[in-house]
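Peer 1: Chains as they are written, first to last, in this note's numbering: chain P, 111 to 459; chain Z, 111 to 459; chain B, 60 to 677; chain S, 60 to 677.
Calculated from the structure, these hints are not laboratory results. Predicted, not measured: the structure shown is a model, and the values here were computed from it. Don't take every hint at face value.
Below 25 Å or equal to it, Euclidean Cα-Cα: the simulated SDA-like pairs (lysine to any residue) are [said to hold, decoys possible]:
id, chain 1, residue 1, chain 2, residue 2
1, Z, Lys370, P, Glu391
2, S, Lys598, S, Asp540
3, B, Lys622, S, Lys619
4, S, Lys623, S, Leu563
5, P, Lys336, P, Ser147
6, P, Lys313, Z, Ser408
7, P, Lys163, S, Lys494
8, P, Lys441, S, Lys252
9, Z, Lys422, P, His409
10, S, Lys665, B, Pro539
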Amino acid sequence: MANDKELIQEKPEVKYTAKDFSSGQDVRWCPGCGDYSVLAMVQRSFPDMIGIKKEKVVFVSGIGCSSRFPYYMDTYGFHGIHGRAPAIATGIKIANPDLSVWVAAGDGDLLSIGGNHFIHACRKNVDLKILLFNNQIYGLTKGQYSPTSAKGLKTKTTPFGSVDYPFNACSLAIGSNATLVARTLDSDPKHLQQMILRAAEHKGLALIEIYQNCVIYNDGVFDLFKNKETKDDHTIVLEHNKPMIFGKNKDRGIIIKNSKPLIINLNRVENSINDVWVHDEFDPSPARAMILAHMTDSHDFPTPIGVFQQIKKETYDEGIEAQIDSIIKAKGKGDIQKVLSSGYTWEVN
Amino acid sequence: MANDKELIQEKPEVKYTAKDFSSGQDVRWCPGCGDYSVLAMVQRSFPDMIGIKKEKVVFVSGIGCSSRFPYYMDTYGFHGIHGRAPAIATGIKIANPDLSVWVAAGDGDLLSIGGNHFIHACRKNVDLKILLFNNQIYGLTKGQYSPTSAKGLKTKTTPFGSVDYPFNACSLAIGSNATLVARTLDSDPKHLQQMILRAAEHKGLALIEIYQNCVIYNDGVFDLFKNKETKDDHTIVLEHNKPMIFGKNKDRGIIIKNSKPLIINLNRVENSINDVWVHDEFDPSPARAMILAHMTDSHDFPTPIGVFQQIKKETYDEGIEAQIDSIIKAKGKGDIQKVLSSGYTWEVN
Amino acid sequence: MIKEKEITSVEVEEVTVRFAGDSGDGMQLTGSQFSDTTAFVGNDLNTLPDYPAEIRAPAGTIYGVSGFQLHFGSREVYTPGDRPDVLVVMNPAALKKNLPELKPGGTIIANKDSFDQKNLKLANYESNPLEDGSLKGYDVIEVPISSLNNEVLKNSGLSQKDISRCKNFFALGLMYWLYNRPLEPTLNWINKKFADKQKYRDSNSIALKAGYNFGETTEVFATRYHVAPAQLTKGTYRSISGNEATALGFLAASVKSGLPLFLGSYPITPASEILQYLSEYKSFGVKTFQAEDEIAGITSAIGAAFAGNLAITNTSGPGLSLKTEAIGLAVMTELPLVVINVQRGGPSTGLPTKTEQADLLQALWGRNGEAPVVVLAAATPSDCFDMAIIASRLALKYMTPVILLTDGYLANGSEPWRVPKFEDIPDIPVKFWTKKEGFYPYLRDENLSRPWVKVGTPGLEHRIGGLEKANIYGDISYDPDNHDLMIKLREKKIKGVVQDVPDLRVDGDQEGELLVIGWGGTFGTITEAVLHVRRKGYKVSQAHLRYLNPLPKNTGDVLKRFKKVLVPEINLGQLAKYLRSEFLLPLIQLNIVRGLPFRVSDVEAKIIEILGGKSNGK
Amino acid sequence: MIKEKEITSVEVEEVTVRFAGDSGDGMQLTGSQFSDTTAFVGNDLNTLPDYPAEIRAPAGTIYGVSGFQLHFGSREVYTPGDRPDVLVVMNPAALKKNLPELKPGGTIIANKDSFDQKNLKLANYESNPLEDGSLKGYDVIEVPISSLNNEVLKNSGLSQKDISRCKNFFALGLMYWLYNRPLEPTLNWINKKFADKQKYRDSNSIALKAGYNFGETTEVFATRYHVAPAQLTKGTYRSISGNEATALGFLAASVKSGLPLFLGSYPITPASEILQYLSEYKSFGVKTFQAEDEIAGITSAIGAAFAGNLAITNTSGPGLSLKTEAIGLAVMTELPLVVINVQRGGPSTGLPTKTEQADLLQALWGRNGEAPVVVLAAATPSDCFDMAIIASRLALKYMTPVILLTDGYLANGSEPWRVPKFEDIPDIPVKFWTKKEGFYPYLRDENLSRPWVKVGTPGLEHRIGGLEKANIYGDISYDPDNHDLMIKLREKKIKGVVQDVPDLRVDGDQEGELLVIGWGGTFGTITEAVLHVRRKGYKVSQAHLRYLNPLPKNTGDVLKRFKKVLVPEINLGQLAKYLRSEFLLPLIQLNIVRGLPFRVSDVEAKIIEILGGKSNGK
Ligand SMILES: Cc1ncc(C[n+]2csc(CCOP(=O)(O)OP(=O)(O)O)c2C)c(N)n1
Ligand SMILES: Cc1ncc(C[n+]2csc(CCOP(=O)(O)OP(=O)(O)O)c2C)c(N)n1
Ligand code: SF4
Ligand code: SF4
Ligand SMILES: [Mg+2]
Ligand SMILES: [Mg+2]
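Required output: the full structure, derived from the provided sequences and hints.
Peer 2: Spelled out as structure tokens, the structure:
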């Protein structure tokens with residue numbers, strides 16, 4: 111519905127509040143759903159994004175619980191069809207590169223039916239900010255397994271346990287050359303907000319994988335990473351230029367040997383913090399990001415939270431604009447009459 | 111068309127020749143097309159595959175020049191619709207796990223429209239052998255750029271040069287958890303045949319990326335890797351347990367520093383062959399394979415040819431069969447009348 | 060304070076009851092228990108759940124309301140009923156949402172306790188409707204269900220939350236009393252369900268009995284209803300929904316044909332349950348493949364068909380759209396394939412949880428090129444079982460894709476089903492081609508079907524695909540005359556399926572003033588409407604199409620025998636368009652597209668309007 | 060040995076010529092040069108290339124044959140001609156492939172040199188047809204084109220391979236002599252093309268002139284043909300194919316509307332050229348997005364439409380199937396979008412390089428739910444330009460998807476086009492909604508169109524999507540009555556487009572015995588057939604539909620004015636089905652589905668058959 115708040119005038123410096131980004135529509139997720147926290151953090155983050163005017167913001171989604179997201183944001187919004195959000199968003203961005211284009215997508219939406227659009231948007235480095243609501247389940251359709259569901263998970267369509275190996279969303283994004291890959295948790299608002307801001311600042315495709323709890327159909331899958339007692343041992347917070355240590359007492363560290371990660375105990379005398387792998391968000395090699403991504407393959411390793419990798423390169427939309435500009439610069443603007451009359455012509459008198 | 115050769119009797123030891131695998135149909139690729147060599151090598155390789163009976167072999171394809179492949183093989187064949195070969199093949203394999211299921215696909219077919227089916231087949235480790243005919247162009251539709259075309263390439267749809275970054279097929283497969291990833295060249299029949307046999311022997315998803323020359327629309331893109339004068343400096347042949355050296359005089363080697371590859375000159379006294387990275391095809395970490403895959407990002411590094419990575423794990427079709435078997439073992443075969451009458455029933459007299 | 064009370068017992072022929080409450084109130088369970096017991100006492104019945112569109116909306120809100128309607132009677136019942144006679148509401152939101160549907164003068168049984176400040180506000184009530192007189196004209200029975208339930212369970216040892224969860228059984232018990240139903244079936248169910256949870260077992264039983272006793276003892280209820288058993292064919296019955304019937308039908312077809320069943324699917328409301336049901340039947344060797352999308356769902360099924368399985372794929376509207384291209388491939392490769400489309404509200408994502416009949420033209424003609432397929436439509440929930448078997452049989456016999464249309468109403472609605480004896484279902488003969496001599500992939504038999512070879516058969520290696528095929532030989536052919544021939548052969552093959560299509564049956568007079576013809580899930584409504592108007596003295600005949608392509612060969616004849624033909628459809632007139640183009644007859648349409656089954660009364664009114672409002676006699 | 064020879068000059072009204080040779084023989088160039096020169100001398104004409112299905116089949120094989128047919132005359136020419144009068148063949152394969160199409164008694168000009176052992180074998184000839192008498196009944200002119208060409212160029216300094224490449228110019232020169240055409244246009248073209256390659260410039264010119272002189276001097280040719288200029292409207296002309304016209308039409312619409320053009324596309328034969336042409340126009344700010352598949356092609360276009368561009372997507376049959384679901388989304392979101400479908404042979408992959416008209420019903424009804432769209436069809440190659448502009452105008456005015464149908468024949472066929480003055484094309488007014496007051500996303504104007512807001516407009520932030528929309532406000536709505544209302548509003552909006560649809564024009568008598576009605580790319584054939592039978596003394600009228608949904612409002616009236624109506628279609632009767640259901644009229648069908656344009660003679664024969672074989676007088 112049209113918003114009925116005051117028209118925000120075109121001023122260079124608009125100071126927004128989180129409320130300015132709320133459409134006021136009743137939010138219809140289940141009580142306790144992790145989506146609420148993402149919504150709150152997104153609404154809270156926009157005022158902190160320098161130079162972004164809300165009329166320039168578009169949220170695009172597919173279908174799913176999480177895909178209702180655009181309706182709750184008082185920005186432009188497009189609730190598309192299942193899986194196609196990255197393609198719709200790409201069209202919007204190319205058509206109007208001035209816009210800040212965000213995609214809100216579930217794991218089914220983005221990685222099952224929408225997988226191809228996702229990897230192509232990554233490859234092209236379209237300037238889209240993708241929030242992946244990964245609850246490892248199909249929520250809206252009531253609990254079928256998704257491509258990120260753990261092997262063995264019993265769901266409505268896998269009553270005897272799934273035999274599928276799951277996707278590793280970050281690994282897929284890295285394999286597809288995404289330029290910003292990060293992971294965060296619905297339950298950690300501060301970190302979530304940081305990641306949202308990182309996506310906003312990034313020029314290029316940003317994938318923010320959000321571990322999101324579905325209280326109804328997959329409750330607690332991320333508890334290990336969330337519960338006070340276990341989270342320090344099972345997550346590792348990535349910080350640029352900081353050694354990769356984790357554990358309740360920050361006494362374990364990651365080292366790399368033969369391109370493989372190992373955990374060392376820093377309490378042991380033979381181990382020193384100086385041996386520990388230092389995280390470099392801007393490392394252009396995909397090897398580091400890939401190692402981080404695959405640390406989730408087994409619970410022996412802590413799950414990395416934070417920015418895996420950020421790379422700077424021209425975005426797709428910039429490339430398109432630059433090409434058009436250079437052609438117009440070289441040849442001038444097109445003359446329609448000339449084009450109509452081009453090729454071999456003859457006169458009939 | 112049905113073949114009209116002699117019925118091959120069910121004997122345990124059939125000795126085939128390459129000709130047994132030729133359907134005899136006129137091959138309709140352009141003279142000089144790289145597809146011919148792939149066809150010849152595939153036909154020549156099958157007789158070497160121990161225990162494979164030709165009636166158990168199925169070739170599945172989508173649409174494209176390369177997708178005509180199944181018509182030329184005297185095996186079962188399915189020429190599908192554009193991009194869907196991996197999905198069709200998955201259905202065949204699940205329905206009849208005894209079959210040896212091969213996919214012949216172009217870069218457009220497999221990575222553009224078919225990208226999603228491809229990455230999901232990789233993820234699930236469906237036991238498919240995928241031959242990717244990568245000519246970095248759309249051949250059949252007469253020369254539009256493809257998702258693997260180099261940035262800047264001028265084609266029918268990019269008259270001013272493409273602004274897309276290309277996919278790195280091996281990187282995408284690794285990011286999607288494919289269990290065998292390899293690359294070869296249409297122009298190197300021996301190596302090509304080795305890779306085909308590796309795919310045949312592998313239980314699980316095998317991606318063989320074949321650099322294939324399209325003489326009409328993208329002639330010579332791989333010349334650097336094929337020409338006598340340049341190939342030794344621009345390719346590196348991966349061999350298990352062998353140090354990664356290359357160059358006309360085998361005097362350059364790859365070392366890894368901070369998970370990044372570097373080239374060293376082995377003629378220099380400070381460098382030793384002992385420092386050189388030793389290839390391990392069976393390294394389970396995706397980091398190594400990823401480093402290899404991305405060596406093609408710049409011509410500073412040689413392009414790896416050979417098996418990047420091979421991992422053993424249960425295939426999807428095995429998982430499905432095992433689950434069914436275990437359920438039948440535990441509960442017995444289903445009783446249809448019992449199922450029909452299940453739930454709350456009542457009698458009307 | 061127990062005392063004797065005077066109770067009037069009223070005999071009624073049919074009743075429609077709706078249970079409504081918060082998603083968490085267990086209304087679906089209450090409804091299905093009431094249904095089972097109602098079936099047990101021998102009534103005919105028909106039920107329809109009404110799930111909220113949201114998974115779990117906040118408690119107490121209107122969009123969190125869950126409902127379950129059932130219609131039962133001593134004569135045949137074909138629909139879940141239009142407007143309920145009785146509305147049981149567990150909270151204000153349930154009243155707010157459902158009141159507009161209640162029959163004028165109907166009965167409201169309200170859980171009085173829940174009409175507190177908080178819940179009234181959540182339901183957007185300004186004042187308490189139980190008190191402000193706004194329910195005048197209804198028979199309002201206020202029962203403090205929550206507190207009575209709390210009271211009887213206070214010593215149960217359950218937490219307050221768990222106690223509260225029993226209150227639906229209290230309400231159910233009360234309704235059992237009101238409609239003279241025994242408690243045993245539900246007590247048995249409780250005992251089984253909570254076999255190892257004594258506390259729950261006892262508490263639910265206590266609540267159920269307490270509700271019953273409350274009816275027995277309180278002054279509030281002076282009337283009790285009796286609905287006599289219906290005349291039903293002898294046999295073992297169960298209740299079945301359309302989705303379960305569909306799943307069972309294909310399972311049965313698999314066993315009958317001796318072919319392994321392969322389902323390539325992608326979840327989508329309201330079709331997902333078919334995948335869910337079939338994934339339970341692994342002990343039959345059923346393979347359910349939850350694919351990455353609908354296209355992979357159907358193309359994997361095409362692969363499985365090529366490999367020799369009984370291959371099916373199921374979906375709903377948007378998914379059918381995505382399968383369009385691949386259905387064409389199945390047409391060209393002439394492989395047996397069943398596509399089940401559970402129609403829902405469109406266009407686009409539309410109304411995913413609602414019903415509609417607007418995919419007929421798409422099923423018939425929505426493909427590039429001339430791509431004829433067999434199109435069938437189930438008429439009732441249990442008919443889905445039969446149609447699934449018929450669809451499999453035709454697909455296998457004619458080597459063709461078959462589209463089977465059901466809809467959201469059939470999918471979720473339930474009716475009693477006389478469980479068939481498996482041996483009574485006719486076999487589905489399947490002959491794979493095995494001999495090398497004379498084999499060509501596009502040879503045709505007397506039905507114009509091509510041979511089906513199981514991949515793996517030695518000596519029959521061959522190739523098929525989506526390019527035009529040379530007649531008989533099956534090579535790729537660009538020959539113009541061959542194309543014309545093949546286009547016409549494919550059309551002819553599907554037209555020839557008519558030999559397996561039973562003639563269209565007319566219920567009522569075989570000719571006359573008015574025929575009402577429908578297709579698919581509106582069967583129940585139309586049937587009931589026709590019965591009603593007949594009772595009112597009108598003469599009207601009825602016919603119903605389950606075979607849409609090809610149509611029964613007598614369809615035109617049937618239509619021509621009537622002065623007027625009414626075509627009610629939950630779309631803008633798709634069958635009407637089709638019949639007009641086939642038979643050049645003027646047709647009267649009734650098109651109400653509300654995402655809901657027709658109301659019997661709407662169809663009735665239309666019939667009466669057409670007949671000029673006066674009885675045309677019997 | 061030059062000597063005076065006697066030449067008869069014959070005046071003819073129209074001629075059909077086909078050039079055929081190996082893919083490498085340059086037949087397309089030869090054909091288009093002949094066309095340009097023919098246009099230059101003032102004939103009317105129409106052309107059609109016939110590419111081999113393979114990219115580059117082995118030289119000398121039948122499937123490597125490339126052809127180019129042109130039909131020109133001193134009166135109006137509407138088709139590329141049925142069977143050629145003259146067949147120029149550069150090798151045996153070209154003869155083998157094309158002979159069946161040659162008119163009985165037609166002329167064959169054969170490059171005698173190429174009829175050697177090797178080439179005969181490649182063409183599957185057992186013996187040399189030039190020698191074995193099998194060409195009896197044809198007028199066979201054997202010319203040693205290769206050796207004559209080699210001879211004149213032996214001192215050219217070119218390699219033998221390059222010399223050989225000039226031989227098509229020799230053949231062209233000969234044909235210029237035969238049909239009395241000047242060499243200048245082609246000489247100019249050669250000069251320009253090879254401006255900095257003198258050797259090639261000279262050699263090609265020499266070969267051209269040598270061919271001409273050979274005609275002049277050799278005994279073989281005793282007759283020369285003269286085709287007088289046609290009466291054509293004054294103006295500047297160019298030759299244009301349907302695909303180029305389509306591209307230019309949208310470019311023009313973009314400039315006229317002031318909206319940037321966005322094309323979301325995925326290559327597919329025979330539609331890729333539209334993407335290729337438009338990708339050349341970056342200097343107009345045109346954005347062509349080659350997407351990963353057809354679904355991304357259309358959904359990106361929907362995104363671009365939301366963002367305020369003139370958004371289009373193009374494809375052919377299988378791609379239209381894939382776009383089905385997304386077209387529904389455009390219907391629900393009511394965004395302006397043009398979907399161009401260049402129809403090709405189906406079903407499935409079918410005959411990709413061939414033409415057909417079998418996607419009409421899919422365009423009309425091939426979507427889940429009630430999803431009405433505007434459907435248009437271009438009648439001739441140059442009409443694609445006009446229809447592209449009309450499609451854009453209607454999409455923008457009515458905020459709706461429009462499907463524009465062309466076909467493989469229109470796409471590749473060419474005809475002379477009087478280049479329009481850009482200022483003569485009417486403007487395409489576009490009003491974005493900008494004011495905050497009174498804005499609701501699903502408000503409707505007098506055309507039932509909703510407001511279009513450019514994303515980025517301050518204060519108008521709003522959300523749209525594929526779920527059912529509340530009337531006016533545009534919120535998600537599950538309300539049953541709202542759904543019924545919206546379904547009917549969307550239908551009504553598209554019906555209302557009829558106000559922009561010109562009445563159906565009847566050529567010939569306005570009522571009478573027989574009307575021939577067609578749609579789309581068969582216009583030329585039907586027109587020529589009608590002209591032919593009229594010349595034979597039959598009375599027949601013609602009408603042609605370019606607007607398929609909605610149909611012109613007088614369509615029914617027109618049809619009813621004729622005793623008989625013939626509907627020729629390159630499908631199994633899709634328009635006929637549609638017209639029947641709309642107007643309940645019996646129609647006579649002519650359906651030949653050979654992947655080729657109708658033969659004029661087939662339509663003629665059918666008309667004559669219907670009219671009882673005897674002239675019904677003028
Ligand atoms: C074409 C199509 N296929 C299937 C569906 C049904 N569908 C809607 S949402 C969904 C998946 C939801 O899962 P996810 O994307 O993970 O989102 P969540 O609800 O978990 O947030 C599916 C299968 C649909 N709407 N459209
Ligand atoms: C649904 C659909 N979209 C598009 C096409 C057109 N098409 C056929 S093959 C092809 C791509 C060919 O490229 P590639 O897969 O790389 O194979 P190659 O010809 O290069 O071997 C395209 C776009 C089609 N046949 N079907
Ligand atoms: S079903 Fe799960 S994901 Fe969906 S709203 Fe409820 S809790 Fe959230
Ligand atoms: S177009 Fe290219 S890929 Fe296709 S057959 Fe010819 S050479 Fe091979
Ligand atoms: Mg999810
Ligand atoms: Mg290619």
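Peer 1: Are the hints correct? Go through all of them and say.
Peer 2: Cross-check of the supplied hints:
no.	hint	verdict
1	Z/Lys370 / P/Glu391	holds, 15 Å
2	S/Lys598 / S/Asp540	violated, 53 Å
3	B/Lys622 / S/Lys619	holds, 23 Å
4	S/Lys623 / S/Leu563	holds, 17 Å
5	P/Lys336 / P/Ser147	holds, 14 Å
6	P/Lys313 / Z/Ser408	holds, 23 Å
7	P/Lys163 / S/Lys494	holds, 18 Å
8	P/Lys441 / S/Lys252	holds, 21 Å
9	Z/Lys422 / P/His409	holds, 20 Å
10	S/Lys665 / B/Pro539	holds, 19 Å
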